[in-house]
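Since the structure of chain H is already known, use the hints to place chain E on it.
Residue numbers (the working numbering), protein chains in the order written: chain H, 1 to 91; chain E, 1 to 91.
In case anyone wonders, no lab produced these hints; they're calculated from the structure.
All copies of an identical chain are treated as equivalent in the list; a pair is satisfied when it fits inside any one copy or across any two copies.
Result set (DSS-like, lysine-lysine): computed pairs, CA atoms no more than 27 Å apart in a straight line:
(1) Lys85 <-> Lys33
(2) Lys31 <-> Lys85
(3) Lys61 <-> Lys5
2 protein chains.
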Amino acid sequence: MSMLKSSEIIGLIAGFLTTSGYIPQIYVVIKSKTASGLSGLFLSIMSVGISLWLVYGALIKSLSIMVANGFSLICLLVLGFYKIKDITNNH
Amino acid sequence: MSMLKSSEIIGLIAGFLTTSGYIPQIYVVIKSKTASGLSGLFLSIMSVGISLWLVYGALIKSLSIMVANGFSLICLLVLGFYKIKDITNNH
Numbered sequence: 001m002s003m004l005k006s007s008e009i010i011g012l013i014a015g016f017l018t019t020s021g022y023i024p025q026i027y028v029v030i031k032s033k034t035a036s037g038l039s040g041l042f043l044s045i046m047s048v049g050i051s052l053w054l055v056y057g058a059l060i061k062s063l064s065i066m067v068a069n070g071f072s073l074i075c076l077l078v079l080g081f082y083k084i085k086d087i088t089n090n091h
Numbered sequence: 001m002s003m004l005k006s007s008e009i010i011g012l013i014a015g016f017l018t019t020s021g022y023i024p025q026i027y028v029v030i031k032s033k034t035a036s037g038l039s040g041l042f043l044s045i046m047s048v049g050i051s052l053w054l055v056y057g058a059l060i061k062s063l064s065i066m067v068a069n070g071f072s073l074i075c076l077l078v079l080g081f082y083k084i085k086d087i088t089n090n091h
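Excised from the complex, chain H in its bound form (with noise of 0.2 Å):
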């Protein structure tokens, strides 16, 4: 069995955290039926960001990268879904 360095096992937990913490969002986002309190913009770059730290995942083939960053993006189309929406409503 293989020993992961304590700065790793950090890193693990700080990628857990910052991916597993867009589930409250949504939540809420659901919860009050709008996204109004959330920046398109914010979602926008976010996603575009996320997309490609997906890309250097694939590139440096690191399984932890991909994964973590496969499941923010999907969490952030959920929020953007709900925001274009609320725009489209908003018309």
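Frame of chain H, contents of chain E only:
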């Protein structure tokens, strides 16, 4: 002059975007004078996660990880400040 690998350039752009993405969100919160659309749990989990990325960056001595996550943490603390003000005002 050393050449950066294309994967590292993509990683740096990704890092720049997922860091600066918080700025329009701060703008929306300040303009609307409320962070009610943001999940407090989202902000808390993200802050802890980003803090751990900061520790990770220090442990592996990566200045770019430290700078990027240090900046994100400041943004999250600003958003958290408005969230706490919201909660305090509603009690």
